[in-house]
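Asker: In case you want the letters, here they are:
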Amino acid sequence: MADVNRGNRPLSPHLQVYRLPVAAVTSILTRITGHALVAGILLIVWWLVGAVSGPEAFAMADWVVRSWLGFLILTGSAWALWYHTLAGIRHLFYDAGIGLEIDEARKSSWAIIIGSGVLTLLSLILFFIG
Amino acid sequence: MRYITPRKAAAGLGSAHSGTGHHWAMTVSACALILLTPAFLLVVGSAIGLPREALIGYFGRPYPGIVTALFVIVGMIHFIKGTRIMIDDYFQGTARKGAIIISVIFSWAVIAAAVFALAKMAFITIAI
Chain A
1 MADVNRGNRP
11 LSPHLQVYRL
21 PVAAVTSILT
31 RITGHALVAG
41 ILLIVWWLVG
51 AVSGPEAFAM
61 ADWVVRSWLG
71 FLILTGSAWA
81 LWYHTLAGIR
91 HLFYDAGIGL
101 EIDEARKSSW
111 AIIIGSGVLT
121 LLSLILFFIG
Chain B
131 MRYITPRKAA
141 AGLGSAHSGT
151 GHHWAMTVSA
161 CALILLTPAF
171 LLVVGSAIGL
181 PREALIGYFG
191 RPYPGIVTAL
201 FVIVGMIHFI
211 KGTRIMIDDY
221 FQGTARKGAI
231 IISVIFSWAV
241 IAAAVFALAK
251 MAFITIAI
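Sequence lines, in order, name chains A and B.
Mapping of the first sequence onto the working numbering: position 127 corresponds to residue 127, and the numbering continues sequentially without gaps.
Mapping of the second sequence onto the working numbering: position 124 corresponds to residue 254, and the numbering continues sequentially without gaps.
None of these hints come from the bench; they were simulated from the model.
Glycine included, every Cβ here is placed at the ideal spot set by N, Cα and C.
Mixed in with the good hints there might be a few duds.
[Said to hold, decoys possible] Beta-carbon label-pair distances, calculated as ranges: (1) L143/B x Y18/A: 32 to 42 Å; (2) L72/A x G142/B: 43 to 53 Å; (3) L143/B x A96/A: 18 to 28 Å.
[To be verified] Restricting the straight-line Cα-Cα distance to at most 20 Å, the calculated cross-link-like pairs of lysine to aspartate or glutamate (EDC-like) are: (4) K250/B x E56/A; (5) K250/B x D62/A; (6) K250/B x E183/B; (7) K107/A x D95/A; (8) K211/B x D95/A.
Pulled out of the complex, with its shape left as it was, chain B reads as follows:
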């Protein structure tokens, strides 16, 4: 028997024991992506069709490089947290754990690949 009021039991992190951290992270990344989405579409739209050297020079410039890096990083973190909700809804037990692990590993691999490619383009452009 714990001598605490019902209000005290619900205060703080609540019944989920993790508070509203997930929801707040989705809200913040959603707001960031509202700004990044049109910028990213314009950047990629201008890049499709360029020959290889011109493409490397294009993404080696600060604005296209930064917008693309931010979109992939924020987008994939938003994706990890979004798939987590879907996984929690449709999977249970070991399948749930496995799906979450695959989602996180996959998303960070995509982020690493994009950041590596963009960094290399920036360095190649400096060398030119």
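Chain A on its own, in the form it takes in the complex:
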């Protein structure tokens, strides 16, 4: 055992040094966006409950919703919602056995990343113009 070379063998990839393929990044982001969406829904539900609780309760919730923090949370939630929706649609296709090849998964990953950005931008434009 003493003369076995232990320092020069290929090691299995470790999360901290392994550059994740884009399909792995979009996969874990599906779970992260799904859980992070709780912030957006909490803010909206708090705002709705505030409206029926009284003028002071609504003023406070409405102030948060329209503040820069509210803008950050709601814009982030809009992106997370679009991202999670597109990634969820891909999951439905995966379940049907469609798009499981590595190259197809790479393409659909970029479609989800770009698509969620475009849909968020369109949502913001519609919000400020419409």
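On the provided structure of chain A, position chain B as indicated by the hints.
Answerer: Just chain B now, kept in the frame of chain A:
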């Protein structure tokens, strides 16, 4: 020794003993949310910035009220089942049970709060 074939042992609810019920529920709620998501975003986007009385009147109307109620109910049930997968992956034993219980209680509290607020807005709007 059970005198059954391997096929018979795997039939029905399978090795998980709960069948595909969880996965099918996620599939159905996902399809519902594909329809509800754009509708909900448009409804909420139009409501942000309204003064309190106008906001109550807006969500008191059938379409914004129903879309918002459906989105929160279906969304939070989808959330319960989604967090369940995450909890099963990362927690074990008592921590797993506790996390599942907290997730279910929290989600139903959010549903109750949203439905109460929307119902009250609908009744206030009728009174007007």
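Asker: For this structure, which hints from the list above don't hold up?
Answerer: none
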